[in-house]
Amino acid sequence: MFLLKIIQNYFKHSFFVVSGIGISLGLLTILTPVADAKLVYCVESEWSQQALLFLVGRIGYYPLFYFCYEINSGATESVTITFDERDVNNAINHDIMVECDDDCTNLNLQVYDENNQLIGQDLDTNSSFARVRVNNITNGKKVKVKMIMESCHTDYCGAVLATTPIQ
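Note that the sequence shown covers residues 75 to 241 in our numbering.
Calculated directly from the structure, the hints in this document are not laboratory data.
If you're wondering where the values come from, they're calculated on a predicted model, not measured in any experiment.
We treat Cβ as the ideally placed atom computed from N, Cα and C, and that holds for glycine.
Just so you know, not all the hints are guaranteed correct.
Pairwise CB distance ranges (calculated) [as the list claims (entries may be wrong)]:
| no. | residue 1 | residue 2 | range |
| --- | --- | --- | --- |
| 1 | 198 | 152 | 32 to 40 Å |
| 2 | 176 | 212 | 34 to 42 Å |
| 3 | 213 | 192 | 21 to 29 Å |
| 4 | 207 | 152 | 17 to 25 Å |
Build the full structure now, drawing on both the sequences and the hints.
See below:
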């Protein structure tokens with residue numbers, strides 16, 4: 075946990091991965107296939123920074139892990155999250171959340187298990203925020219997350235994908 079704080083402070087609350095490559099920062103691993111979206115440094119994308127600040131304002135704290143994206147209007151970005159032992163030690167239930175910038179009026183979220191069965195979805199048609207709870211995680215449990223940018227008033231919108239343990 076101490077190392078995580080150092081990493082967070084070093085990157086000024088931004089985590090990143092290079093598109094198509096997985097990275098583990100201790101608590102979870104994210105693999106990102108390339109689609110009509112790109113993973114960006116949170117501090118280098120004005121729109122992703124805005125989405126992150128909106129999320130922090132909404133939930134009241136910086137989530138444990140977050141990754142920033144620029145997603146084309148009408149596109150879906152799929153990401154696989156693998157929970158590890160430290161996630162299980164933090165809590166067995168986790169919220170997966172997405173938030174987008176002020177050019178976005180509808181960002182949806184779907185979460186699937188390893189067998190492609192829907193765990194939960196948030197398809198509110200007039201919201202830039204979506205949340206799905208994943209219960210009873212285990213070490214090595216994988217979930218597929220779909221971020222669906224239904225409505226963006228520009229070519230792309232900034233979005234942030236976050237996870238946080240729920241006690």
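Regarding residue 198 and residue 152, is the given constraint of 32 to 40 Å on their beta-carbon distance met?
20 Å, violated
Does the Cβ distance between residue 213 and residue 192 fall inside 21 to 29 Å?
23 Å, holds
Quick check: does the Cβ-Cβ distance between residue 207 and residue 152 fall within 17 to 25 Å?
For residue 152 against residue 207, whose Cβ atoms are near 19 Å apart, the range 17 to 25 Å holds.
With respect to the beta-carbon atoms only, verify the hint that residue 176 and residue 212 lie 34 to 42 Å apart.
Holds - the Cβ-Cβ distance for residue 176 and residue 212, about 38 Å, lies within 34 to 42 Å.
Consistency with the previously given hints fails for number 1 only.
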